[in-house]
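Enquirer: Let the hints inform the model, and build the full structure from the sequences given.
Take the sequence shown: its position 143, counting from 1, is numbered 143 in this note's numbering, and each next residue is one higher.
To be clear, the hints were calculated from the coordinates, so they are not data collected in a lab. Each hint can be trusted.
Label-pair ranges, simulated between beta-carbon atoms:
1. 89 <-> 37: 12 to 22 Å
2. 128 <-> 155: 51 to 61 Å
3. 157 <-> 22: 44 to 54 Å
4. 115 <-> 21: 23 to 33 Å
5. 143 <-> 79: 19 to 29 Å
6. 35 <-> 155: 51 to 61 Å
Since the structure is predicted, the reported quantities are computational estimates derived from the model, not experimental observations. Glycine included, every Cβ here is placed at the ideal spot set by N, Cα and C.
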Amino acid sequence: MRKGMIFLVLIAFLAVPAIVSAVPLAVDGGWSEFYFGGEDSDWYYGGEDPVSFDFTISTSAYLTVTDAFLSGDQFYVSGLGYTSAPTSLSDDIGGDYDAAAADDRWSTGSWLLTAGIYSISGTANISPFGGGGGAIRVDTAPVPEPGTIVLMGLGLVGLAGMGRKKYFKK
Numbered sequence: 001m002r003k004g005m006i007f008l009v010l011i012a013f014l015a016v017p018a019i020v021s022a023v024p025l026a027v028d029g030g031w032s033e034f035y036f037g038g039e040d041s042d043w044y045y046g047g048e049d050p051v052s053f054d055f056t057i058s059t060s061a062y063l064t065v066t067d068a069f070l071s072g073d074q075f076y077v078s079g080l081g082y083t084s085a086p087t088s089l090s091d092d093i094g095g096d097y098d099a100a101a102a103d104d105r106w107s108t109g110s111w112l113l114t115a116g117i118y119s120i121s122g123t124a125n126i127s128p129f130g131g132g133g134g135a136i137r138v139d140t141a142p143v144p145e146p147g148t149i150v151l152m153g154l155g156l157v158g159l160a161g162m163g164r165k166k167y168f169k170k
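Expert: Shown next as structure tokens:
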């Protein structure tokens with residue numbers, strides 16, 4: 001009976017098609033493109049199946065999602081929220097994602113993430129052209145090193161002051 005149940009569960013897993021394709025997203029690796037159909041359509045990459053971008057970060061990092069090509073689209077990023085509302089319609093920037101992310105005519109969102117394992121997917125919330133393209137990237141947050149050095153220096157000065165106080169007490 002138990003072997004029969006295990007066999008049926010195994011067959012069920014093999015018979016169920018993959019619903020979402022996973023694409024590894026390189027941290028600090030630049031932009032990764034995705035595409036979408038009309039409003040409420042999932043992001044996809046390469047094929048027609050919805051896609052999730054998977055990555056692991058060991059420190060804080062910024063996730064950025066931007067529209068490109070024709071302005072006017074807006075995205076919902078799973079679990080994080082919406083990208084900004086586009087301020088124009090039909091301006092064309094091509095596939096220059098850096099320029100699109102810096103220009104408020106294209107919808108862009110940026111979120112600070114803590115260390116962890118992530119699987120990010122999304123949908124097109126607004127799509128006046130019936131489809132288009134966007135991009136996603138993850139960049140580690142800069143470490144505030146000068147502040148760390150100042151704190152360490154103050155700690156050493158404090159230790160030296162305590163040692164000097166003990167020395168002159170004797």
